[in-house]
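Two chains, two frames, a set of hints: combine them into the complex.
Here the protein sequences come in this chain order: A and B.
Quick note: the first sequence, position 65, residue 65 per the working numbering, numbers continuous.
Quick note: the second sequence, position 50, residue 50 per the working numbering, numbers continuous.
These are computed hints drawn from the structure, not numbers from a lab.
Fair warning: this is a prediction, and the values are worked out from it, not measured in the lab.
Positions of the beta carbon are idealized from the N, C-alpha and C atoms, including for glycine.
Incorrect hints may have been included.
[Unchecked claim] Here are the simulated distance ranges between beta carbons:
| no. | chain 1 | residue 1 | chain 2 | residue 2 | range |
| --- | --- | --- | --- | --- | --- |
| 1 | A | P53 | B | A81 | 27 to 37 Å |
| 2 | A | R230 | B | L4 | 44 to 54 Å |
| 3 | B | D51 | A | P453 | 55 to 65 Å |
| 4 | A | G550 | B | A81 | 38 to 48 Å |
| 5 | A | H356 | B | A81 | 21 to 31 Å |
| 6 | A | T47 | B | G70 | 40 to 50 Å |
| 7 | B | L4 | A | E517 | 20 to 30 Å |
| 8 | A | P172 | B | L4 | 38 to 48 Å |
| 9 | B | A81 | A | A311 | 40 to 50 Å |
[Unchecked claim] Taking lysine to any residue and the SDA-like style, the derived pairs with C-alpha atoms no more than 25 Å apart in a straight line are:
| no. | chain 1 | residue 1 | chain 2 | residue 2 |
| --- | --- | --- | --- | --- |
| 10 | A | K262 | A | K487 |
| 11 | A | K112 | B | Y22 |
| 12 | A | K487 | B | A65 |
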Amino acid sequence: MGLAPTRFPVKLVITVYRYNDFDRQFLRERVAQYRDQVKRRLSGALTEEEFKPLRLMNGVYLQLHAYMMRVAIPYGTLSAHQMRGLADIAERWDRGYGHFTTRQNIQFNWPKLVDTPDILAALADLDMHAIQTSGNTIRNVTTDHLAGAALDEIADPRPYAEWIRQWSTDHPEFQFLPRKFKIAISGGVTDRAVVRAHDIGLRLVPGMDGVAFDVYVGGGLGRTPVVGTRLFEQVPVSELLAYLEAIVAVYNLHGRRDNKYKARIKILLHTMGLDNFKKEIKSYIEQNSDAFNGLELADLARIQAGFEMQALPPREGGAYWERINAEPSFREWVERVVTPHRKEDYASVTISLKAHGQAPGDATAAQMRAMADLADAVGFSELRVSHQQNIVLPHVALADLPEVFERLCRHGLATANIGLISDLIACPGMDYCALATARSIPIGQRIATRYEPMEQLLGPLSIKISGCINACGHHHIGDIGILGLDKAGMEHYQVTLGGRPGLDTALGEKMGPGFSEAELMGALDRLFDRYLTLREASSEAFAETVLRLGTEPFKAALYGVEHAA
Amino acid sequence: MAKLVAPVVITANCLATGAVLYLGPERRWLGNFAGAQVYEDLSAATATAADVDDPATVIGVELVAVKISGSGAEPRHYREAIRACGPGAYALPGETGDNRVSV
Numbered sequence: 001m002g003l004a005p006t007r008f009p010v011k012l013v014i015t016v017y018r019y020n021d022f023d024r025q026f027l028r029e030r031v032a033q034y035r036d037q038v039k040r041r042l043s044g045a046l047t048e049e050e051f052k053p054l055r056l057m058n059g060v061y062l063q064l065h066a067y068m069m070r071v072a073i074p075y076g077t078l079s080a081h082q083m084r085g086l087a088d089i090a091e092r093w094d095r096g097y098g099h100f101t102t103r104q105n106i107q108f109n110w111p112k113l114v115d116t117p118d119i120l121a122a123l124a125d126l127d128m129h130a131i132q133t134s135g136n137t138i139r140n141v142t143t144d145h146l147a148g149a150a151l152d153e154i155a156d157p158r159p160y161a162e163w164i165r166q167w168s169t170d171h172p173e174f175q176f177l178p179r180k181f182k183i184a185i186s187g188g189v190t191d192r193a194v195v196r197a198h199d200i201g202l203r204l205v206p207g208m209d210g211v212a213f214d215v216y217v218g219g220g221l222g223r224t225p226v227v228g229t230r231l232f233e234q235v236p237v238s239e240l241l242a243y244l245e246a247i248v249a250v251y252n253l254h255g256r257r258d259n260k261y262k263a264r265i266k267i268l269l270h271t272m273g274l275d276n277f278k279k280e281i282k283s284y285i286e287q288n289s290d291a292f293n294g295l296e297l298a299d300l301a302r303i304q305a306g307f308e309m310q311a312l313p314p315r316e317g318g319a320y321w322e323r324i325n326a327e328p329s330f331r332e333w334v335e336r337v338v339t340p341h342r343k344e345d346y347a348s349v350t351i352s353l354k355a356h357g358q359a360p361g362d363a364t365a366a367q368m369r370a371m372a373d374l375a376d377a378v379g380f381s382e383l384r385v386s387h388q389q390n391i392v393l394p395h396v397a398l399a400d401l402p403e404v405f406e407r408l409c410r411h412g413l414a415t416a417n418i419g420l421i422s423d424l425i426a427c428p429g430m431d432y433c434a435l436a437t438a439r440s441i442p443i444g445q446r447i448a449t450r451y452e453p454m455e456q457l458l459g460p461l462s463i464k465i466s467g468c469i470n471a472c473g474h475h476h477i478g479d480i481g482i483l484g485l486d487k488a489g490m491e492h493y494q495v496t497l498g499g500r501p502g503l504d505t506a507l508g509e510k511m512g513p514g515f516s517e518a519e520l521m522g523a524l525d526r527l528f529d530r531y532l533t534l535r536e537a538s539s540e541a542f543a544e545t546v547l548r549l550g551t552e553p554f555k556a557a558l559y560g561v562e563h564a565a
Numbered sequence: 001m002a003k004l005v006a007p008v009v010i011t012a013n014c015l016a017t018g019a020v021l022y023l024g025p026e027r028r029w030l031g032n033f034a035g036a037q038v039y040e041d042l043s044a045a046t047a048t049a050a051d052v053d054d055p056a057t058v059i060g061v062e063l064v065a066v067k068i069s070g071s072g073a074e075p076r077h078y079r080e081a082i083r084a085c086g087p088g089a090y091a092l093p094g095e096t097g098d099n100r101v102s103v
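With the rest of the complex left out, here is chain B (with noise of 0.2 Å):
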């Protein structure tokens, strides 16, 4: 595993239904990627998710290293990104590309 640097977002998942959550402004537990506050003080970053590491709201918080395009920020690993993004697998006969499950 590549060391960590920054900037980096904080992550984990909604311990009542495994959602994947992102930490946003606020420290406020957001459900999509584009949301969240990016960090680029690693020390900062790391104090906060060992702030908002709640056992009984979020299970498996942690660091993702992001990088910084015209776009925003984005993951900077193939695996955060799929996590972001959802599965990527084809779409159902009859859903639509934009409703990937899977399947």
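Okay, chain A solo, but in the shape it has when bound (with noise of 0.2 Å):
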């Protein structure tokens, strides 16, 4: 009774989950909710006052220049089909293109707020929404966009993430919590879903029923960046829900509402101390365990059911050997993009959507159909968004890497890219974000230009940028890292180094004043002529060479100093 592991042979995969008629009337209820809710407004009926937190429940944000729609991607995956009505909605309702995101979501920067309830009406007919995609609840859990077809694969963390989907949409008491709520599950040895940096990070060990969870509370980015610490270690399965209903209801009930700064569970917990912390939840679990009386395991039986399955049949390498031998480009794209798969005739294939000078995570509606054709094609109609706001082909033959690469060079999606400086993450930024200090984007932009002639030489380096201290752009946990500030009315960049994600998540360490934009692109500049000096071997990357001589040779350079060594 749902019990086993969601490792499956290598010849099966699941691909997408299957809405049941209950999915489809509960979405269908919601949207006629807020299209009454909107008519509501725009006759004067409802304040803004009332009428904002209804809007952010559904995902739609006001922002600089417009209203922002932010839409679900359930653990990043979605279907072809799914992709191919995204760029509908992209062409119909607003300007074209699509924003992926560090949360695995996309986001359409101009919908108007009278069509926000027909867009919602377009994503139910593709089983998608934007609920608690804003707002102090649970938002969309995140996982491995690798989950599934990744060589170190524990178990596939999906169905359980749906599980924790569909316990938290709309749990009665987990809708104003004293401010939002990230949680993250990896299912693999290595850490790709940056469990660490979430109020709750999951990882699926083998234990009891085959896996069980280490589960990692208190940690997340923003103002106050904390790593999350492993509280409890081996949960069963069967014990999961109740740990997370206990964890999320103490934090409910002692966070503090006073100071949203001073609101996430990783404060809590640094006040409470990790004992009392832990008693607490002990104690709400012996106190509520008829709450969790099985019933929960019926549902994860019923949601692993509710994933397509899908057999990867044997296919012969045939043009794929050929090419790789005969063409450097095809190769060179091969190297950047192709990551090994558990069935060794397949592979995951990383559509990077960071074309040198492009915003980060953009991508046109005829792209979206190019990528949603191409996964019909030959990638079992399934896509994922990564949270390094790529996309991915999960299951591709490498027979078929061919097409796939011929396919995404007539769309621009063929850059050759992933793991090198201009793959970087930006938020939107102060052109979009109305709590952003300054713009990342345009910085994204020019670093990715300026040193797209000596990437390969530069090797593997990861720039996050975030246009304030929220760090939606995840700037702490970057090689280089950069935070946008408004320092006495002009953008300025503060830059850290050393930060990394993965299971002994670091924190970028502050390296001094801020730059102004002009004096940033010199300061790289000096940052990376000391990195190439100071390497020890081209094979070394730039946060090993950090990690071996620490940052202060690196951060004389930034700011000029000659260097002794």
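What follows is the structure in structure tokens.
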């Protein structure tokens, strides 16, 4: 009954979760409610103060230039049909493009309020919605973009992510938490979901029932970055929801509501202390043991059965092997974007949404359709959104890679830069976001174009840019983090070095005073010169050199100080 | 946030569309900064802003500090300059630089 680990035979994968009649009816009713709320707002029956929480519950923000709708892509998985539908929405109600985010969602930057009920209705027809993409609720559960395909996977985390999504959606107690609440779940030995930078991070590990969960609590970036602490080990699948419910309930009860900068669970954990917090959790679970009586496991079984199962037929490499040896551009693309698959005649392909000079994470409607068509043709109709703001085809036969390359080239999607400096993350920043204190997209674009000629020389390097202290660009965990701030009415950019994601998450070290946009490029020039001088071999990545030598020589380079080494 | 000083213009977003609006002559909302009425008197601007704050049509009415140069008024702070001009991102492949809508 639902406890089998979601590790399938190598030739089988699960693709997307199929909504049932209940799910569809729920969405239809929600759209009808929202349509009436918009109507009442436009008629004046609702004030903005009354209406704002209602639109936010449906993912509708008012940004700098326009409304913005954030659409949930649960655990970053979507079908080709859904991607095509998002393209239609972008063309019909927006400006012909969408922005894929670091929470594996998509944002439309230009919808009109009057159109938002129709957009939600169109999303519902796609089995999609924008519920809990805003507000002080449990947000979209994120996971490994290589789930189900990764060589090192312990179990596919997505059925558990869907279980958590269904538990947390419209949860009656958790709609008005002290602050937003983010959960990530990782199923690989390598953490590709940045679990320790989340309010709750779950890591699948071998255990009872085949798998169990290590539970990390109190991570988060933002104004006060904290690396999550492993509070519970080997939590059985059968107890997972009880633990989650207890953690969120204790946070809901004790979390601060008087100061939004001190309202996240990481602050509560610090204030209460780990032992007291754990005691509260255990006590809550004991007192509410009746609430989790096994029915939730029947739900998990239903959810596991609700995912479409796909057999990966054996394929000969054929044209792939001929092409890889004969065509350097194809080989270079393969080396950069292709990840080995647990089935040896298959691979995962990362489609870069970071063409040099492009806004990171943006895709046009035409590009979305091209990716959907490709997924239908060679990718079992499934796509993933990665938190690095790229799109992934998780299961592609090696034999089909030449066709994938050719088709992506035709649509400007074959940039071979995954893991290089131009594969950077940038939040929307002040070009769009009402909270931002500086622009981030143009900084990313300048960096990508400026260093394009030397990005192979620089090797693996992650730059993450946030346009404000809220850190949507994850700047704390970049090899190089850039934080845009307003300093006396001028945009300034503060640099951090040495951050990294993964189970050994490290927060970048702030280097010193910020730079103007013009100064920043010069500072980065000096930083990269210093790296190229100090690295022991071309195989030593920037992060490794910083780890070996510490940040001091690089700080000196940033500020133009001569270094004796 | 720096203390607001005159001269100022009055801005808001359109409730129905979200579009950025500026209050022009004769208290008409306009879609471009160039047509905005400049107020030299902060008190008069504040009173006007309160008068035109119709919750059924606009949202977030506020004053924005501007400076006057040879080419007319322009926002003092870069945030408002970005808001007035639109996203400064590069154009899409195949689009002209005049059609900057990010991507």
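Task: Restraint status (C-alpha distance of A/K487 to B/A65 at most 25 Å) - done: 17 Å, holds
- [ ] Take the C-alpha atoms of A/K112 and B/Y22, compute the straight-line distance between them, and say whether it is at most 25 Å.
- [x] With a Cα-Cα distance of about 18 Å, the restraint between A/K112 and B/Y22 holds, given a limit of 25 Å.
Task: Beta-carbon spacing of B/L4 to A/E517 - inside the hinted bounds 20 to 30 Å or not - done: 26 Å, holds
Open item on the list: Taking 44 to 54 Å as the stated bounds, is the beta-carbon spacing between A/R230 and B/L4 within them?
Closed with: Given a distance of about 49 Å, which is inside 44 to 54 Å, the answer is holds.
Open item on the list: So if I understand the rule, the pair passes when the alpha-carbon distance is 25 Å or less; does A/K262 with A/K487 pass?
Closed with: 24 Å, holds
Open item on the list: Against the range 40 to 50 Å, how does the distance between the Cβ atoms of A/T47 and B/G70 compare: consistent or not?
Closed with: 43 Å Cβ-Cβ, so the 40 to 50 Å window holds.
- [ ] May I ask you to test the hint 40 to 50 Å on the CB atoms belonging to B/A81 and A/A311?
- [x] Since the Cβ atoms of B/A81 and A/A311 sit about 56 Å apart, the hinted range of 40 to 50 Å is violated.
Open item on the list: Does the beta carbon distance between A/P53 and B/A81 stay inside 27 to 37 Å, or does it fall outside?
Closed with: Roughly 31 Å apart at Cβ, these two residues keep to the hinted range, so it holds.
- [ ] With 21 to 31 Å as the target window, see if A/H356 and B/A81 comply at their CB atoms.
- [x] Between A/H356 and B/A81, where Cβ atoms are some 26 Å apart, the hint holds.
TODO: Using the Cβ atoms, figure out if A/G550 sits within 38 to 48 Å of B/A81.
DONE: Holds: the Cβ-Cβ distance is about 40 Å, inside 38 to 48 Å.
- [ ] Evaluate the given range 38 to 48 Å for the C-beta pair formed by A/P172 and B/L4.
- [x] About 43 Å separates the Cβ atoms of A/P172 and B/L4, which means 38 to 48 Å holds.
Task: Outcome for the supplied range 55 to 65 Å, where the beta carbon pair is B/D51 and A/P453 - done: 57 Å, holds
When the structure is compared with the earlier hints, a violation turns up for hint 9 alone.
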